[in-house]
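Work the whole structure out from these sequences, hints included.
Protein chains: 2
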Amino acid sequence: MAAVEVSLRNGYDAVTTEAIAAEAGISTRTFFNYYPNKQAAILGERIMLLPDDPIWFTASHRPVIDDVVDLLDQALRDDEPDRRMLNKIMAMIDSHPALHDLFRTKMDDVASALTGLLVARLGADFATESRLLGDLATLALTDAVSRWAVDDNMTIDDITALLRRSLLGVGRLLQPAVGDMVATDGR
Amino acid sequence: MAAVEVSLRNGYDAVTTEAIAAEAGISTRTFFNYYPNKQAAILGERIMLLPDDPIWFTASHRPVIDDVVDLLDQALRDDEPDRRMLNKIMAMIDSHPALHDLFRTKMDDVASALTGLLVARLGADFATESRLLGDLATLALTDAVSRWAVDDNMTIDDITALLRRSLLGVGRLLQPAVGDMVATDGR
Chain A
1 MAAVEVSLRN GYDAVTTEAI AAEAGISTRT FFNYYPNKQA AILGERIMLL PDDPIWFTAS
61 HRPVIDDVVD LLDQALRDDE PDRRMLNKIM AMIDSHPALH DLFRTKMDDV ASALTGLLVA
121 RLGADFATES RLLGDLATLA LTDAVSRWAV DDNMTIDDIT ALLRRSLLGV GRLLQPAVGD
181 MVATDGR
Chain B
1 MAAVEVSLRN GYDAVTTEAI AAEAGISTRT FFNYYPNKQA AILGERIMLL PDDPIWFTAS
61 HRPVIDDVVD LLDQALRDDE PDRRMLNKIM AMIDSHPALH DLFRTKMDDV ASALTGLLVA
121 RLGADFATES RLLGDLATLA LTDAVSRWAV DDNMTIDDIT ALLRRSLLGV GRLLQPAVGD
181 MVATDGR
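Those protein sequence lines, which keep their order, are chains A and B. First residue of the first sequence: 1, per my numbering; consecutive thereafter. First residue of the second sequence: 1, per my numbering; consecutive thereafter.
In case anyone wonders, no lab produced these hints; they're calculated from the structure. Note that beta-carbon positions come from the ideal geometry of N, C-alpha and C, so glycine has one too.
Just so you have them, the derived chain A footprint on chain B, three or more residues with Cβ under 8 Å:
no.: 1; region: 57–64
no.: 2; region: 155–169
Stretch-level coverage of chain A by chain B, calculated; a stretch enters the list once three of its residues show a Cβ under 8 Å from a Cβ in chain B:
no.: 3; region: 63–75
no.: 4; region: 120–129
no.: 5; region: 133–141
A short, non-exhaustive set of chain A residues, derived as facing chain B with CB atoms under 8 Å:
no.: 6; residue: 101
no.: 7; residue: 166
no.: 8; residue: 174
In structure tokens, the structure reads:
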């Protein structure tokens with residue numbers, strides 16, 4: 001919080017870890033107990049954490065898309081994103097390449113966690129599909145959360161609905177012609 | 001080519017633009033006519049270019065997935081990737097974060113071009129799905145090309161087949177009512 005406020009006031013390039021620590025009312029030493037550098041302080045320690053091993057997810061026989069959406073919905077609610085803060089962070093990410101790369105690295109962590117859960121559920125034969133779906137769902141979530149951040153009329157429920165709609169839309173675009181299914185399915 | 005060779009011999013961190021230019025038999029000044037820095041020289045000016053405005057793609061009524069695969073297949077053949085070179089570049093990307101970020105930026109260019117073509121075809125109402133599919137197909141292509149790079153038994157045809165199979169696999173996972181498909185499709 002302090003890091004974002006100071007960055008917006010002084011400009012990202014001029015921000016020092018000392019200024020962030022002062023704003024937060026902590027010593028620089030304490031700052032480094034929490035964050036390795038100012039970028040990490042601005043983005044926060046984490047974007048979002050997925051549960052380590054949700055048994056329901058790996059054991060479920062429902063359609064994969066339903067469970068992926070439910071899992072991300074749950075992670076989102078646990079995360080309790082702050083709309084105003086997210087807005088400021090997004091603006092800063094947009095204008096600073098170093099933050100952009102760090103943000104991507106953090107979203108990669110979410111995608112990796114999701115991929116791990118998908119592999120646990122589908123098996124190693126589906127490693128490629130799991131990774132692609134892990135990345136895709138993370139991108140769709142990022143898109144939905146970004147819209148929520150700039151639209152006061154959207155609720156957390158709307159994020160989930162938008163995520164689901166986007167994934168179903170991509171699924172439709174990936175459908176082969178009717179009757180083509182058998183021919184393409186033969187691995 | 002020279003940039004990759006020199007980087008492997010001297011180590012990426014020790015490489016200078018002078019050394020790359022010398023290996024290529026050109027002046028440093030000529031080097032900077034081609035590349036802004038050593039990273040760009042190692043990755044090449046471009047990873048792959050999509051055609052600017054392939055009329056057949058935007059006008060087609062075939063399933064989108066078929067045309068996306070055909071488009072990427074064509075771009076790949078036009079690009080004529082060099083397996084040995086790609087192998088070396090991949091190894092260098094793996095070990096150098098700066099190259100990794102630049103590689104992602106370059107793949108983003110491919111994804112953006114594909115997204116643009118998809119929006120031209122599907123309309124602005126499908127902007128989100130187009131962007132997600134553009135990213136997904138680019139990731140699937142990167143995965144397939146990476147496998148080809150380390151497998152002498154694979155041909156360019158196999159890259160396309162793998163790309164298609166991966167996308168269809170993700171499409172199946174995104175189906176709302178086919179949760180049992182995974183168990184029944186014989187893998």
